[in-house]
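Engineer: First to last, the sequence lines map onto chains A and B.
The opening position of the first sequence corresponds to residue 0 in numbering that gives the first Met the number 0, with each subsequent residue numbered one higher.
The opening position of the second sequence corresponds to residue 0 in numbering that gives the first Met the number 0, with each subsequent residue numbered one higher.
Accuracy of the hints is not assured; some may be wrong.
[Unchecked claim] DSS-like cross-link-like pairs, simulated, lysine-lysine; straight-line CA separation at most 30 Å:
(1) 358/A to 74/B
(2) 215/B to 358/A
(3) 358/A to 715/B
(4) 367/B to 358/A
(5) 149/A to 121/A
(6) 293/A to 640/B
(7) 343/A to 108/B
(8) 511/B to 54/A
(9) 294/B to 343/A
(10) 356/B to 358/A
(11) 55/A to 508/B
(12) 3/B to 401/A
(13) 665/B to 293/A
By construction, these hints were calculated from the structure, which means they are not laboratory data.
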Amino acid sequence: MAEKEWNPAFEVGRDAGVFRENEDILLRVENLCQYFKIGPGREFKAVDGVSFDIKKGEVFGLVGESGCGKTTTGRSIIRLYDITSGSVYFKGQRICAGLRGYKQELAKAKKAGDAEAVDKWKKEIEKAKYDHKNCNREYAKKQADAIKAKYAPKIEAATGEEKDRLQKEFTEELRLAKTDRIMNKMQMIFQDPIASLDPRMTVREIIAEGLIIRGVTDKKKIDEAVYHVLDLVGLVPEHAGRYPHEFSGGQRQRIGIARAIILNPELIIADEPISALDVSIQAQVINLLNDLRKELGLTIMFIAHDLSVVKYFSDRIGVMYYGHLVEMTTSDELFAHPLHPYTKSLLSAIPLPDPLTEKARQRIVYNPLSAHDYTVQKPTLREIVPGHFIQCNDAEEAQYRKELGL
Amino acid sequence: MAEKILQVKDLIVNFRTDSGIVRAVRDVSFDLHKGETLCIVGESGSGKSVTSKAIMQILANNALVDGGEIIYDGKDLLKIPEEDMVKLRGDKIAMIFQDPLSSLNPIVKVGKQLTEAMLLKSGSNSKNARRNFNGKLGLLVECRNAIATADSQRAYNEEQCHTFDNFCIMSTKLEGAYNEKHRVVEELKAEIEEKLFLIDKNQNVKIPAFLRLIEKQFPQTIHPDLIEENAETAALLARVSAGVGSARKTKKLDASARAAVDEIHALLEAALQKEKPNYFTLGYYMLKNPNDTAKIDAMELHELNAMTREYLDKNFMLAFIRESAKAIQYSHDRSIAAKKKALSETDALLRYLETEKLEKKATLDYLKGKIALVEDAIDRMEIEKDGAQYTFGSGITHAVRVYFRALKQNPKEQARFEKETAKWNALDAKGKTPDWKVVPAAIIDEEQAKENIRLVIRNLQASLRRDIEADGQFDAEAKTVALIDWLKEQASAVVYHVSKKMAKARAIKLLKEVGLPDPELRYNQYPFEFSGGMRQRIVIAIALAADPDILICDEPTTALDVTIQSQILELINRIKKERNLSVIFITHDLGVVANMADRIAVMYAGKIVECGTANDIFYDPRHPYTWALLSSMPDLDTKEKLEAIPGTPPNMIYPPKGDAFAPRNKYAMEIDFEQQPPMFSVSDTHYAATWLLHPDAPKTEPPKIVTERIARMKKKAQNAAAKEVENHG
Numbered sequence: 000m001a002e003k004e005w006n007p008a009f010e011v012g013r014d015a016g017v018f019r020e021n022e023d024i025l026l027r028v029e030n031l032c033q034y035f036k037i038g039p040g041r042e043f044k045a046v047d048g049v050s051f052d053i054k055k056g057e058v059f060g061l062v063g064e065s066g067c068g069k070t071t072t073g074r075s076i077i078r079l080y081d082i083t084s085g086s087v088y089f090k091g092q093r094i095c096a097g098l099r100g101y102k103q104e105l106a107k108a109k110k111a112g113d114a115e116a117v118d119k120w121k122k123e124i125e126k127a128k129y130d131h132k133n134c135n136r137e138y139a140k141k142q143a144d145a146i147k148a149k150y151a152p153k154i155e156a157a158t159g160e161e162k163d164r165l166q167k168e169f170t171e172e173l174r175l176a177k178t179d180r181i182m183n184k185m186q187m188i189f190q191d192p193i194a195s196l197d198p199r200m201t202v203r204e205i206i207a208e209g210l211i212i213r214g215v216t217d218k219k220k221i222d223e224a225v226y227h228v229l230d231l232v233g234l235v236p237e238h239a240g241r242y243p244h245e246f247s248g249g250q251r252q253r254i255g256i257a258r259a260i261i262l263n264p265e266l267i268i269a270d271e272p273i274s275a276l277d278v279s280i281q282a283q284v285i286n287l288l289n290d291l292r293k294e295l296g297l298t299i300m301f302i303a304h305d306l307s308v309v310k311y312f313s314d315r316i317g318v319m320y321y322g323h324l325v326e327m328t329t330s331d332e333l334f335a336h337p338l339h340p341y342t343k344s345l346l347s348a349i350p351l352p353d354p355l356t357e358k359a360r361q362r363i364v365y366n367p368l369s370a371h372d373y374t375v376q377k378p379t380l381r382e383i384v385p386g387h388f389i390q391c392n393d394a395e396e397a398q399y400r401k402e403l404g405l
Numbered sequence: 000m001a002e003k004i005l006q007v008k009d010l011i012v013n014f015r016t017d018s019g020i021v022r023a024v025r026d027v028s029f030d031l032h033k034g035e036t037l038c039i040v041g042e043s044g045s046g047k048s049v050t051s052k053a054i055m056q057i058l059a060n061n062a063l064v065d066g067g068e069i070i071y072d073g074k075d076l077l078k079i080p081e082e083d084m085v086k087l088r089g090d091k092i093a094m095i096f097q098d099p100l101s102s103l104n105p106i107v108k109v110g111k112q113l114t115e116a117m118l119l120k121s122g123s124n125s126k127n128a129r130r131n132f133n134g135k136l137g138l139l140v141e142c143r144n145a146i147a148t149a150d151s152q153r154a155y156n157e158e159q160c161h162t163f164d165n166f167c168i169m170s171t172k173l174e175g176a177y178n179e180k181h182r183v184v185e186e187l188k189a190e191i192e193e194k195l196f197l198i199d200k201n202q203n204v205k206i207p208a209f210l211r212l213i214e215k216q217f218p219q220t221i222h223p224d225l226i227e228e229n230a231e232t233a234a235l236l237a238r239v240s241a242g243v244g245s246a247r248k249t250k251k252l253d254a255s256a257r258a259a260v261d262e263i264h265a266l267l268e269a270a271l272q273k274e275k276p277n278y279f280t281l282g283y284y285m286l287k288n289p290n291d292t293a294k295i296d297a298m299e300l301h302e303l304n305a306m307t308r309e310y311l312d313k314n315f316m317l318a319f320i321r322e323s324a325k326a327i328q329y330s331h332d333r334s335i336a337a338k339k340k341a342l343s344e345t346d347a348l349l350r351y352l353e354t355e356k357l358e359k360k361a362t363l364d365y366l367k368g369k370i371a372l373v374e375d376a377i378d379r380m381e382i383e384k385d386g387a388q389y390t391f392g393s394g395i396t397h398a399v400r401v402y403f404r405a406l407k408q409n410p411k412e413q414a415r416f417e418k419e420t421a422k423w424n425a426l427d428a429k430g431k432t433p434d435w436k437v438v439p440a441a442i443i444d445e446e447q448a449k450e451n452i453r454l455v456i457r458n459l460q461a462s463l464r465r466d467i468e469a470d471g472q473f474d475a476e477a478k479t480v481a482l483i484d485w486l487k488e489q490a491s492a493v494v495y496h497v498s499k500k501m502a503k504a505r506a507i508k509l510l511k512e513v514g515l516p517d518p519e520l521r522y523n524q525y526p527f528e529f530s531g532g533m534r535q536r537i538v539i540a541i542a543l544a545a546d547p548d549i550l551i552c553d554e555p556t557t558a559l560d561v562t563i564q565s566q567i568l569e570l571i572n573r574i575k576k577e578r579n580l581s582v583i584f585i586t587h588d589l590g591v592v593a594n595m596a597d598r599i600a601v602m603y604a605g606k607i608v609e610c611g612t613a614n615d616i617f618y619d620p621r622h623p624y625t626w627a628l629l630s631s632m633p634d635l636d637t638k639e640k641l642e643a644i645p646g647t648p649p650n651m652i653y654p655p656k657g658d659a660f661a662p663r664n665k666y667a668m669e670i671d672f673e674q675q676p677p678m679f680s681v682s683d684t685h686y687a688a689t690w691l692l693h694p695d696a697p698k699t700e701p702p703k704i705v706t707e708r709i710a711r712m713k714k715k716a717q718n719a720a721a722k723e724v725e726n727h728g
């Protein structure tokens with residue numbers, strides 16, 4: 000229990016970096032902060048202390064209104080931004096580390112004159128810098144070691160021609176493993192299928208680009224791989240020679256998905272993949288993602304603002320409000336027992352295809368100033384019932400427990 | 000059922016593109032009633048936006064409206080000239096677009112954008128009114144002189160019209176003075192409201208300057224019909240003046256001055272509620288009795304109106320109407336005779352254009368004579384213009400020129416075009432989708448060009464025939480009264496101005512109406528300072544600025560997220576109820592319309608496939624496309640695999656022969672590929688175009704996901720009803 004019990008409300012100072020590879024958890028985000036400079040000495044806290052983890056094979060939905068930081072979270076995880084503070088672990092390896100938190104602790108320790116702490120935080124900073132810079136190299140080393148361990152006994156046992164063949168295979172695989180990157184195992188699907196595809200590249204070039212950068216040189220192999228993923232996403236090989244503008248919106252989004260899955264990723268970050276599509280096409284894309292998830296064993300982080308789709312598609316849902324994760328639980332639990340007032344307001348705004356209930360629907364208005372009293376105690380993310388996290392303070396926790404009848 | 004405010008009948012819109020004619024809207028008909036919301040639902044490319052743009056007459060350059068009628072206020076919007084459409088567009092029919100940023104100017108403050116239309120309208124209205132008034136009155140004199148037999152008669156005519164003109168000038172002077180005072184009242188009221196708001200918000204306001212402004216402006220509002228000067232107003236002013244001294248020292252508004260300001264505000268508000276005197280009749284009275292001001296000031300408003308009215312009728316107006324009616328009858332008779340002549344001549348024109356060898360110069364010369372004939376047949380005393388006659392000249396000249404261009408076509412280009420088309424067709428016949436190729440420069444179909452000429456002539460003929468048939472119902476007296484009413488309106492419009500401050504006050508009121516907090520502070524901000532939902536609210540306010548009858552919303556919430564979307568929908572619903580607006584709401588998401596819609600029309604491939612009330616469409620859908628739309632979107636209880644619609648909408652350059660939805664439809668029967676289904680009636684309000692409703696068709700159930708959802712919804716409604724009964728019991 001001690002290992003499983005992980006409090007997402009992470010305080011800086013926990014021994015970050017000693018997190019062991021856990022088979023269950025694929026991605027762990029700890030206290031992620033992403034601030035943007037908006038002027039001299041002013042910062043915009045787009046994401047402020049978000050923590051969650053994504054288990055292998057599940058679909059994690061992230062919802063919230065526009066501007067609440069859900070897309071920024073996705074982009075920070077895939078390292079399109081350098082994060083300000085916090086860490087992201089992927090497959091047990093730290094891939095992003097922000098220094099702000101450590102530096103603050105270091106300054107505090109220096110002020111207090113605690114030599115031991117100063118030393119400790121300096122080491123932490125070094126470690127974070129190293130992890131941030133070298134996560135791909137570390138991963139490649141691990142992969143290369145695994146390949147070596149796999150082939151060494153085989154080569155030793157084999158003789159003659161068999162040995163030569165194995166040797167050749169081994170060198171090729173070792174070469175690829177040495178250039179392997181952990182970030183390849185995480186891919187993104189973007190919202191706008193028109194803006195995210197280069198209009199001057201054919202579909203084949205767009206999809207194969209990742210493989211080429213990855214170091215695959217065999218043209219036949221590339222073509223095979225491209226045709227395979229085209230088949231997976233429901234397009235035909237003839238489409239490979241065409242340009243993106245020749246496709247409809249839904250087909251373009253399929254191309255985006257094909258590009259994302261060609262490197263056999265384990266995690267896909269889907270950033271509003273259906274918001275720009277027509278309703279009838281939306282269903283096609285959702286069905287496709289669902290099929291791919293079963294076929295390839297993908298884990299998906301699904302960012303969207305359409306709650307009925309998120310409910311249909313996700314296993315667990317996190318609700319974000321202005322940079323904070325305010326509630327996180329399984330999707331059924333979230334819709335059956337929404338606790339946070341913002342979640343309630345969000346759920347009350349979902350339009351339904353039912354005129355009678357729709358005409359009687361009352362929207363709940365959320366006003367953070369009147370809904371919470373945080374003058375006495377600041378809120379943290381707490382687990383109220385197993386698996387149901389909510390941002391609250393002591394007084395609210397008691398109230399929510401009462402609401403659940405605990 | 001409420002009256003029909005807008006009727007769309009058999010509308011056909013095509014687009015000419017490089018790769019062929021795209022049939023965007025094919026035979027769409029619907030009615031819009033007063034105060035109802037009609038939702039048009041369909042995929043992108045189904046022609047829903049094109050329909051709305053056709054109503055607004057803002058279609059792209061390459062669009063061809065090839066048929067149909069859009070009738071608003073007794074006029075066909077497709078036929079009236081652009082100068083008349085300008086008066087309706089944005090004024091009577093307003094539109095909100097999908098992306099609020101694209102309809103706002105990024106470098107202009109929102110306040111200015113809101114007041115722009117009001118100010119522009121005021122200026123151009125005044126100018127137009129002056130021109131209209133002078134033009135029509137001049138024509139009237141001309142007509143009356145034309146039937147006069149003696150010189151004395153002519154002199155009488157001149158004199159009478161001169162009197163009419165003079166007393167109209169008198170009345171505009173009086174009204175202008177009143178309007179000026181009215182403007183000051185409105186401005187001062189707005190100023191007081193704004194400053195008091197800012198003072199209450201603890202904003203920085205120069206209070207002595209504010210009080211001195213009231214001191215200066217309030218005496219200017221004194222007018223017998225607005226605020227009367229008496230001891231009370233003097234006392235109020237004295238209290239305000241006293242406030243200035245104390246405000247200089249304390250920099251605060253003291254209680255007594257505040258009370259005085261509030262009282263002045265109440266006075267101004269009451270003044271704005273007062274009825275306006277009838278200046279038209281008063282003008283005549285004042286012209287004849289210029290020294291009677293004291294008597295008039297003493298009279299009550301309704302007494303005054305009745306007295307001046309009687310005076311005008313007895314001394315002048317009845318005779319004026321009697322004489323003018325003769326002139327109008329003459330003008331009408333003349334025009335009918337000319338129309339009959341023109342109608343017989345158009346047949347000759349048609350025959351002439353049918354002949355084999357036409358020469359360009361000779362034809363155009365020949366046309367000139369005919370155009371002069373048609374223009375001669377215009378009844379110039381009519382207030383309402385008939386588009387077919389007015390635009391006949393330019394229309395037919397253009398069509399004939401295009402025809403000659405078609406004759407002169409380069410044979411090489413022609414050959415290339417035929418070759419490319421043959422290739423296209425061959426590939427298409429094999430079932431392949433041919434690549435997009437550059438088609439030769441525009442080739443004009445000779446037959447089509449000829450047909451277009453005939454169309455212009457036929458339109459004219461129809462209009463002429465209609466007028467000639469209506470000859471028997473002509474009532475010269477009524478026409479004269481209408482003409483005089485119109486002249487009166489124009490005269491009063493000459494002196495009606497909207498000042499900047501008035502426009503600002505109205506804009507702030509509008510911003511309040513659309514739910515923007517603190518509009519006084521927001522008025523001076525730029526669009527980028529607002530969030531998406533707020534921007535959409537501002538766009539709605541701009542659309543409402545001209546007080547329209549019809550509001551067309553083209554996917555207004557597609558770019559917004561769920562919470563903001565439901566706020567905007569609530570806002571549109573509320574405004575619709577408050578202003579008794581008719582709304583056309585266009586969306587691709589059936590989910591959002593359940594709350595809004597009174598009626599829903601589902602469009603696919605340029606046709607309306609199903610049309611009914613919201614309950615009909617959601618609880619008893621009949622068309623397979625509606626089923627597919629409903630089953631492809633998940634709701635909160637959906638667990639099973641979604642039934643996505645396979646494939647994509649058809650290419651409308653080559654519209655399918657049968658039902659357009661048949662290739663994607665799993666319920667399609669053989670006849671669906673052969674023949675287009677007619678509209679079958681399910682109930683009085685519910686129609687669907689599908690062969691499944693034919694009596695001979697096999698009985699088909701909607702997909703499981705839809706039937707289950709409907710059952711669930713019905714159960715929920717029953718439960719709610721039962722609960723209600725329980726609560727009441």
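Engineer: A separate judgement is required for each hint: does it hold in the structure or not?
Structural biologist: Against the structure, the hints come out as follows:
1. 358/A to 74/B: Violated, at about 35 Å.
2. 215/B to 358/A: Roughly 53 Å between the alpha carbons, so the hint for residue 215/B and residue 358/A is violated.
3. 358/A to 715/B: Holds. Residue 358/A to residue 715/B sits at ~13 Å (cutoff 30 Å).
4. 367/B to 358/A: violated, 62 Å
5. 149/A to 121/A: Violated, at about 38 Å.
6. 293/A to 640/B: Roughly 13 Å between the alpha carbons, so the hint for residue 293/A and residue 640/B holds.
7. 343/A to 108/B: Not OK: residue 343/A and residue 108/B at ~36 Å, beyond 30 Å, violated.
8. 511/B to 54/A: violated, 49 Å
9. 294/B to 343/A: violated, 69 Å
10. 356/B to 358/A: Violated, because 67 Å separates the two Cα atoms, which is more than 30 Å.
11. 55/A to 508/B: Between residue 55/A and residue 508/B the Cα gap is close to 56 Å, so the pair fails against 30 Å, i.e. violated.
12. 3/B to 401/A: violated, 56 Å
13. 665/B to 293/A: holds, 26 Å
Of the numbered hints given earlier, the model fails hints 1, 2, 4, 5, 7, 8, 9, 10, 11, 12; all others are met.
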